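Engineer: Let's have the full structure, built from the sequences with the hints guiding it.
Chain residues, written in single-letter form:
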Amino acid sequence: MSVKLLNITKEFIDLEREGGKLIAVKDFNLEIEEGEFVTLLGPSGCGKTTTLRMIAGFETPSAGDIFIGDKNVSADPPNKRDTSMVFQSYAIFPHMSVEQNVGFGLELRGKPKAEIAMEVRRIMDAMGIGELARRRPDQLSGGQQQRVALARAIVNRPSVLLFDEPLSNLDAKLREQMRVEIRRIQQTYKITSVYVTHDQAEAMTVSDRIVVMNRGRIMQVGTPFEIYSRPENQFVADFIGRVNLLPVTVEKLSDQGCEAVDAQGQRLEAASAASGIAVGRKAFLMVRPESLSVEKDVGANEAGTGNASGAAKGHSAISSIGATEAPHAIERMLFARGVIEKSVYLGSTVEYEINASLDRPVLAVSHDPVDVGFWRPGDSVALRYNPRAAHLFLR
Amino acid sequence: MPSIGSRAAADLKRAARDPVLLAVILLVTGSLLIFVVYPLVSVGAASLDTGGGKLGLKVYADVAKSAYIRKAFWNSLMMSSLTALIGSLLGFIFAFAVARAKVPFSKFFNMIAIIPIVSPPFIGALAIIMLFGNNGLITWNLLRIQNFPVYGFNGLLLAQVVTFFPVSYLTLKGVLESMNPILEDAALDLGGTRWKVFMRVTLPLAFPGIASSILLLFVETLADFGNPLILAGSKFPILSVQAYLEIVGMYDLPKGAAISILLLVPSLIAFYLQRWLVSRRKYTTVTGKPQQSTTQIVSPGARVALFAVCAFVALIVALIYFSIIVGAFAKVWGFDHRPTLDHFKFVFGVGFKAVRDTLVIAGTATPFAGLLGMVIAYLVVRVRFPGRRFVESVSMLSFAVPGTVIGIGYILAFNHKPFALTGTLAILLLNFIFRYIPVGIESGKAILSSIDPSIEEAAINLGADARKTFSRVTLPMILPAFFSGLVFAFVRGMTAVSAAIFLVSSRWNLMTVHIMAQVESGNLGAAAAYSLILVLIVAVAISLIRIVLKVQYRKFGGSMLHF
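Sequence lines, in order, name chains H and Y.
To convert, note that position 182 of the first sequence is 355 in the working numbering; the numbers rise steadily by one, no gaps.
To convert, note that position 256 of the second sequence is 1738 in the working numbering; the numbers rise steadily by one, no gaps.
To be clear, the hints were calculated from the coordinates, so they are not data collected in a lab.
All values reported here derive from a predicted model rather than from experimental measurement.
Check the hints yourself; a few may be wrong.
[What the hints assert, rightly or not] Which chain H residues face chain Y? A few, computed with CB under 10 angstroms, are given here:
no., residue
1, 255
2, 260
3, 269
4, 282
5, 329
Beta carbons are placed, not taken as given, at the ideal position from N, Cα and C, and that holds for glycine.
Structural biologist: What follows is the structure, given as structure tokens:
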């Protein structure tokens, strides 16, 4: 079923704060479609868990309304809402066996014993934990506990599945495995899901849409692609992955893209722009490290708008222009010039930090280093980008 | 595979590498043998003494034949069972209301439940006589009932429940607080009503704690001496009092010893059952760290009911302390309630020696008991030596052994050479030190097992010997346990009756024993004044220890606050 949050605000009494209250969530609006997987992502204390607990009914909003389907559930207690939660600590009942845990929700709904047994068996087999049925919870590994918690939530066929940082107690490898698993299960049963995490990779893997939150407010709602490549503001750009930002002023907007100039008057292009971008506005031009190519700096006499061939490899940058180039040639623009400060070899990639006289060093990642070649600290380089990978948002 | 003998030898060899440690182990083991085991053996031996140095079961046969003592045995078991059940029920309601339902005035209820723990154990009985006795405020002054049947079953049960439900409250409060509220959240989320969540999740999870509380209260009530001495009366005999009367009244040591063995056996059974229950409980550790939950797990109606029960119990407790306070300042309780300071003049005049003696004895025994508790906790958790399990179980025995039994044991064991200690300060001190170590040991063990041994290994690695490691590294870490051991030892030392009543003399007497004497001679005003002074001393001492503890916490950067 769909979930709708309308103008939700949640305040906690906190006498140690100014005004005596802590605003956990402020003016939160979100519509989640049936079957959609939405992740609430943000740093700790951003209000994501509070929002989730309000959907479950553990917290009551100070203002605003929550709809599940067409029904306003704002005043309903958790046991009257058709939601199932997977808790961070799993919350497996230690005094019940695994199958009793999984079947507990059905039992509370007064289902006949035979039906409970069948349902429990089916879901546990589907989750690959069929052989654990008679175990006691303290005999389970972390990953198994996680699966039991998930099975217990799904067996009720809830209208909405809620996940409260369900993977944060697992080790890295298991975490990667389980997030794929969670996505698979959700797709199988097509249950509307809300997932809370502070791990951006996790959010990218499982979500249809991501809600980035900070200090109780929504910073952006979008698909993983939009959040990563088309952030609306600096918070989102910084929170998701690493980023290079160049302060610019917007010069021209068109269907093909935007043009802007930096402090030195150099002209730069970007294919997309966030809301609010208009001619004359101060903005950041954003390019992700993996979209920057590190090339030999052929000299300051190169025109500011100088183009280099995308076929340029390693140190042998070819600065020829024109349609005579290879058909895949991409026009690359100069992002900045600088000197390599640090290079870290990671096998499949090399990560560079380049001093380009900006507020912070420019980050660049080059793939396939054996083919492309390496730069060493002290090398003067030009950093180029494909305007399609560049994005503008307001400063 | 090495045999047990060779392992013990290896352990001994390792311990012998550090002569100070070895000396401490021998000293601790030896003194436990003399001051805990030997008195108990003496009781057993005395009960088997058929006269003329021969051993036999004649005394037990006599005891079994006596209908009066059989009655006392069943009375004691029934009284203890009822107190355990009712007290645990009240304790659970109180703990649930304060820890989980968060009813209004939770802090007040918490205080109400703690006051009886730091009071002399017979204060309930004293107040009940003042309220419901022949000249009782309620029965006589208010209702004009003469000879209200306060002595015997009814009065004693009320006194025992009021005295011991706080023990259950503290136990169950800990259990309920360590329970992860997320579990209740999860059950609620799965569609359970609050009542179902309580019945299917909260109660089963608390069950080991409840069972343990019932057994604990059973042991404590069975061992209690003060309340039955005042309230039981001759028609409702109680074992602990009978053992005392046999010895002090009839000078029949073998019979007194046999009765105390009758008292000891059910105590030990319940105690070891309780230990076993606690040791196998692992519910709270299964699902990660407890989390905060703001969910309201009790319905408004249930909250009102919980509040009503708590308020009613609080009223009774308040009434008890109210009558003690008023009684201490009233001319003649029940007849002339004009305010006077006469009773205090008596306490600070003729009766002041007992106050001074009590302070000297409790004040001297407390630091020794505290330190001994920490040393034993350290030895038991950290050092491998032959006899470790013996030291562990013997040092905990005084939890299980009724004070009456210990008291009889001490007079039997220490009234002749080589330990002729009867009537001395030493016998009281030794009794207090070895009886009041268990709380220190328990909390010391709990903290030590949660501290990585590599911290101590690091000290040893840097060149510290066992003594330096203990005093500079271990002791500072287990300081909170040390202080809770001190508080327990002091409170118990100040309020002790059951064992001490056998050991006092004209040279060294105790306030508690004086209070009992005042009650028996009908001087309720003086008894109330004494009790009030006693409660005040204990309250001041606990506050002082808490202040010291707070300063210490600050010194350690607050990092120990979570213990």
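Engineer: Confirm or reject each hint.
Structural biologist: Verification of the hints:
| no. | hint | verdict |
| --- | --- | --- |
| 1 | 255 | holds, 8 angstroms |
| 2 | 260 | holds, 5 angstroms |
| 3 | 269 | holds, 8 angstroms |
| 4 | 282 | holds, 6 angstroms |
| 5 | 329 | holds, 7 angstroms |
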